[in-house]
Each structure stands twice: as C-alpha cells, then as structure tokens.
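**Student:** Letter by letter, the chains look like this.
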Amino acid sequence: MKSINIRFSHVHKRLGRKTILRDECFAIRSGELTLLCGKNGTGKTTLLRIIAGLEKPDIATIDIGNAITSWRRCRKQLRSYSVYLHQHAYMLDGSVKDNLNYTLSQRKLTKMKKIT
Amino acid sequence: MTATLLALELLISGDPELWGIISISFKVSTIAIIVAVPPSLLIAFFLAYTEFPGRRLLVTIFNTLLSVPAVVVGLTLYILLSRQGPLGDWKLLFSQTAMVIGQIVLCVPILVAMSHAALQAADKRAWETTRTLGASIIRAAFTIMYETRFGLLAALLAAYGRVIAEVGASMMLGGNILNYTRNIPTAIALETSKGEFAQGIALGIVLLLMSFALNGLFHHLQGRGQWSV
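These protein sequence lines are chains A and B, in that order. Numbering of the first sequence is given in the working numbering, commencing with residue 1 and proceeding in unit increments. Numbering of the second sequence is given in the working numbering, commencing with residue 1001 and proceeding in unit increments.
In short, the hints are calculated from the structure, not lab data. Virtual Cβ for every residue (Gly too), placed ideally from N, Cα, C. Do not rely on the hints blindly, as some may be mistaken.
Computed beta-carbon distance windows for the label pairs [stated by the list, open to error]:
1. A/GLY16 / B/THR1076: 36 to 44 Å
2. B/HIS1219 / A/ILE4: 49 to 57 Å
3. B/SER1193 / A/ASP93: 43 to 51 Å
4. B/THR1076 / A/LEU109: 23 to 31 Å
5. A/LYS97 / B/THR1050: 29 to 37 Å
6. A/SER80 / B/HIS1220: 37 to 45 Å
7. A/LYS97 / B/SER1082: 20 to 28 Å
8. A/LYS56 / B/PHE1212: 21 to 29 Å
9. A/ILE68 / B/HIS1219: 50 to 58 Å
10. B/THR1002 / A/ASP93: 50 to 58 Å
11. B/PHE1212 / A/ASP93: 22 to 30 Å
12. B/LEU1153 / A/GLN87: 25 to 33 Å
13. A/SER30 / B/PHE1142: 27 to 35 Å
Model the full structure from these sequences, guided by the hints.
**Tutor:** Here is the structure:
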C-alpha cells in the first residue's frame, strides 16, 4: 500500500441534538501507530468511521497526499487507504478463505496473490 | 372419486389440451417474474439502504399494494388496454402480453415489500464491511443480496405463487382463449362452472405439486445454509 500522510482539520459532527465531534484536528502519518482513546460516547467510533469513509462529517477539511479537499471528494481515497473493523467483526457468509479472497479481489489483487 | 381418477388419467396420458394450458401458465408467469425481479430488487435495495424524503411513504404504499385484489388490477389494466382506453392502440387486450403485464403489476409489490424486509433486516455491519473492504456499491449490493438470499428467495416464491394461481387479472386481460391465453386458474374456473371437474382437478394437482416442489427446494437450500445447486 502507498504510504501517505492524512491530516483532518475542523472535523465537526452532530448526531441528532448531540455534538459528537467539535472542530477536531489531527493527523495520521505514514509509519506511525496512532492510538485513539477516550471515554464511552466521546466520538471514537464516529471519528474512525469518518476516517474510513463510511460516515459523512458535517464539516471537515482533509489534506490527503498534499491536496486539501472535502470529505465527500476524498471518501473513495479514504476507503482505499483504510479498513474499518467493527468491535465485533462481521464475517460474510462463507469460509475464512472466502472472506480473505473477497477482500483481495476487491482490492484488485491478482489471483496469484489470492489465498488458495 | 371418478373425477380424480379421470384427472390422473388426463395427466398421465399427456392430454395435449391440458398440457397446453399448463405450459401457457408457466410461460406467462415465468416471463412476468423474470421481468419483475430486477426492478423490484433495485427498488427494495434503494428503500432499504438509502435515505430520501418520502421513503417511508413509498414503503407503506408497497405494503398496501400487497392486498390489492387481482380483479382490481385486471379491471384497471382492462380499462387502460381496451380499445377506448389510453393504451388501446397497443392492441394488447386478450393477449399473453396483457396477462404478463397484469402479473407483473401483481407481483412487484410482493417482491418489493418482502425483499425490502429481508434487506432491511440484514446486519448493518455487512454493508459497511463490504464497503470498507473495497467493494463498489454494485458489488456490495450483490454481496448483501447473497447474504440475504433466503429472504429474497422466499419473496420470489411468494410472488411466483401469487401470479401462477391468480384468476382475476388473467381472466380479464387474457380472455381465457383456448391454446392462447387459457392458463391453469382460468381453466379451473371455466371447467368447474361447466361441471367438468376432471380437468380442474388435474390442473389443481399440477399447481399443488409445483408449490410442493418449489417449497421443498427452498427448505432444502435453507437447511443446508448455502447454495447446493
């Protein structure tokens, strides 16, 4: 996978009447391990879902590969750089091999690299 | 008892009139289902996985249409397709095409409502997992359909069961013409009104056997938990 730095600025998200994320700014740098921690209901999952391109923030500016853009414009790119695992991961119907091959085929990896 | 024996004799002897009616019935209903399934699945998918104004109203409308009697569908399409009707120029009344249209109108609400229920009940994580693993929207949609295949298959069976056994729309739109638009239910209605029970019983046996075979197949697939054919 290509190494890339991603910077999120002014991330704002409301769910109903509750403001989950308020003007959050952070960066994910290539080669670093980032730990996200906090109390229940502070927006960790929401933030991860935004990073993974699964949940639309109300406002966000994203600097991805030195190009500043909106979440809507770069969500495809975000999805290609990230995988979001649920707390209790969902397995598609089939064997573990089927699940691995599903991912590999979606990531456009050749059959040679697929699990046999 | 005599009528039942006569019915079995008609079936076994390969009576051309009887088997002609059976083939018309299966042909018309199968075409109707084949045409109705793709748009119905698409509508069901949009209703289950997208949010837009009027979505709930649409779901309610499709659920309401489940209970529309076949004769009402037949009457509405009859008015539209009759010579004086807005679609009279198409000259479709009393044809197999008109019967197919009627059956499509009848089965779309069943397919949409039941498929929507199946898709809506699918684990929300399934969609997110497919998307985060890199699947396109279309591929993710097919994956979700595979995950919910038993619910979708139940919808298909219910829809097929309704259209192949309905009398009202087929009678009004097809006209019950022998060797052209006479199908199993309209033939049963006609033969019973004439007091000729043998053919009616024979056709009833075919319908029951078909229903038994389809349900047996469905339960077989469901029992295995995966496609086995």
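**Student:** With reference to the structure, classify each hint as holding or not holding.
**Tutor:** Outcome of the hint check:
1. One distance hint, 36 to 44 Å for the beta-carbon pair A/GLY16 and B/THR1076, holds here, with the actual separation near 43 Å.
2. Here the CB-CB span from B/HIS1219 to A/ILE4 is close to 51 Å, well matched to the stated 49 to 57 Å.
3. A hinted range of 43 to 51 Å holds for the C-beta pair B/SER1193 and A/ASP93, which are about 50 Å apart.
4. For B/THR1076 and A/LEU109, the hinted distance range of 23 to 31 Å is not satisfied, since their beta carbons lie about 53 Å from each other.
5. With their beta carbons about 32 Å apart, A/LYS97 and B/THR1050 fall inside the hinted range of 29 to 37 Å.
6. At about 41 Å, the CB distance of A/SER80 to B/HIS1220 agrees with the hint of 37 to 45 Å.
7. About 59 Å separates the C-beta atoms of A/LYS97 and B/SER1082, a value inconsistent with the hinted range of 20 to 28 Å.
8. In this structure the hint that A/LYS56 and B/PHE1212 lie 21 to 29 Å apart at CB is violated, the actual value being about 49 Å.
9. A/ILE68 and B/HIS1219 have their C-beta atoms about 57 Å apart, which keeps the hinted 50 to 58 Å range intact.
10. Under the hint 50 to 58 Å, the C-beta atoms of B/THR1002 and A/ASP93, about 52 Å apart, fit the expected range.
11. With their beta carbons about 27 Å apart, B/PHE1212 and A/ASP93 fall inside the hinted range of 22 to 30 Å.
12. Between B/LEU1153 and A/GLN87 the C-beta distance comes to about 31 Å, which sits within the given range of 25 to 33 Å.
13. The beta-carbon spacing between A/SER30 and B/PHE1142, approximately 34 Å, falls within the hinted interval of 27 to 35 Å.
Comparing the model with each numbered hint stated earlier shows that hints 4, 7 and 8 do not hold.
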